[in-house]
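Asker: One-letter residues, chain by chain:
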Amino acid sequence: MSRESDDLFDCIVMADDRFHVEGYREGFNEGTRQGMIDGRKHGASHGAKLSMEVSFYYGFGITWKCLLQNNVDAKARKRLKALESLLGLIQKFPHKDPQFENLQEDMEKVRAKFRQVCSLLNVPTDFSDYVKSGGSGGMSF
Amino acid sequence: MSWVKSVQYSGEDVFDEDADDINLQDKEWKYNMKKRVKDGYVDGIDHGKEASLQLGFNMGYREGAEKTIAVGRLKGVISAIQCWCQFQRPDNPIPASVADLLQRVVKHEDYIMEAMRMGLENPMPSVSDVSETMEDLAVGEGEMSCGGAGCSKGSGCCKKSSNVELGSFFFTVPGESLEQLLQCCMDIVSELGLPLELIQHLEQLKSATE
Numbered sequence: 001m002s003r004e005s006d007d008l009f010d011c012i013v014m015a016d017d018r019f020h021v022e023g024y025r026e027g028f029n030e031g032t033r034q035g036m037i038d039g040r041k042h043g044a045s046h047g048a049k050l051s052m053e054v055s056f057y058y059g060f061g062i063t064w065k066c067l068l069q070n071n072v073d074a075k076a077r078k079r080l081k082a083l084e085s086l087l088g089l090i091q092k093f094p095h096k097d098p099q100f101e102n103l104q105e106d107m108e109k110v111r112a113k114f115r116q117v118c119s120l121l122n123v124p125t126d127f128s129d130y131v132k133s134g135g136s137g138g139m140s141f
Numbered sequence: 001m002s003w004v005k006s007v008q009y010s011g012e013d014v015f016d017e018d019a020d021d022i023n024l025q026d027k028e029w030k031y032n033m034k035k036r037v038k039d040g041y042v043d044g045i046d047h048g049k050e051a052s053l054q055l056g057f058n059m060g061y062r063e064g065a066e067k068t069i070a071v072g073r074l075k076g077v078i079s080a081i082q083c084w085c086q087f088q089r090p091d092n093p094i095p096a097s098v099a100d101l102l103q104r105v106v107k108h109e110d111y112i113m114e115a116m117r118m119g120l121e122n123p124m125p126s127v128s129d130v131s132e133t134m135e136d137l138a139v140g141e142g143e144m145s146c147g148g149a150g151c152s153k154g155s156g157c158c159k160k161s162s163n164v165e166l167g168s169f170f171f172t173v174p175g176e177s178l179e180q181l182l183q184c185c186m187d188i189v190s191e192l193g194l195p196l197e198l199i200q201h202l203e204q205l206k207s208a209t210e
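First to last, the sequence lines map onto chains A and B. Just so you know, we're using full-length UniProt numbering here: the first sequence kicks off at 1 and counts up by one. Just so you know, we're using full-length UniProt numbering here: the second sequence kicks off at 1 and counts up by one.
No wet-lab data here; the hints were simulated from the structure. Computed from a prediction, not measured in an experiment: that's the story for all the values here. We put the CB at the ideal spot given by N, CA and C, even for glycine. No incorrect hints appear here.
Using C-beta positions, here's what the derived DEER-type ranges look like:
id: 1; chain 1: B; residue 1: Glu121; chain 2: A; residue 2: Ile12; range: 42 to 50 Å
id: 2; chain 1: B; residue 1: Asp26; chain 2: A; residue 2: Val21; range: 19 to 27 Å
id: 3; chain 1: B; residue 1: Lys35; chain 2: A; residue 2: Asp97; range: 39 to 47 Å
id: 4; chain 1: B; residue 1: Gly175; chain 2: A; residue 2: Glu26; range: 39 to 47 Å
id: 5; chain 1: B; residue 1: Asp110; chain 2: A; residue 2: Ser119; range: 25 to 33 Å
id: 6; chain 1: A; residue 1: Asn102; chain 2: B; residue 2: Ser207; range: 28 to 36 Å
id: 7; chain 1: A; residue 1: Glu30; chain 2: B; residue 2: Pro93; range: 54 to 62 Å
Isolated chain A (complex conformation):
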């Protein structure tokens, strides 16, 4: 008799666990799916924006480098040096890696360098904002 009730007791305890695990598994799968989708959506938006910005600086820098490269005066040389430095900074910057530790710091460095380049080129400091606001329809010259 005591063996039987032990068995029954075990059954109950195990069933208790088993049902919890059963629900857990199902929930875990659903949670994983949701987390994956939500995470991916947020990640894509962040990655796209940051990459767009860095790439913009790169395209801007490389174009100016092409435009100025044949000038030999001191002013142009100074500008070219800053441009080289901007391009170098961007090339070294693994901006596509979300797990890169200094992502934010390095992004700030790139932005600072871009601002420096703009000031050397006498491009208005709000230039990149103007370019960005073009996207939301607030185009103003």
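Position chain B against the provided structure of chain A, taking the given hints into account.
Answerer: Structure of chain B alone, referenced to chain A:
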């Protein structure tokens, strides 16, 4: 359900004497077990999300970053050309073709962001891949308390499945193609007599997007 069997197993006619009582216990048992399943489900959802959010973020980040390089560069190129025109010919207005292309590129950028957002809203192609990932994640359920005590930032726990490949999502960007915009930019570079290196750079971008 399997618990019914377990009760019947040791039940037999002993319990038949008191059928009402059994029914009541039966209901209570059912209720409790349902609750256990539900509790487990809720715990599971939380842990599943914890375990996969970062993974999903990292994956999406790389995908998103990859898809905006070319358009970002093109915008940079055309913006620089616009500035250049302002400096070179301060008394003339910026060529309409340049200003127009810049606007089209900015529009294209918006389209990409929007199409990507929509594409990820319903990531149908990757559902089966996701379920594979779920199995991978579920294997180590015992240590699945990611984000908990065992999982400091950068420890192996979350990284375990970081090389799981999910199907890449596909989306179509409406309007002009990037190739068309790049071609248009090359035409402008030629028209304005700007350095050939610029064309080369644009050619590179074009071949990278094909």
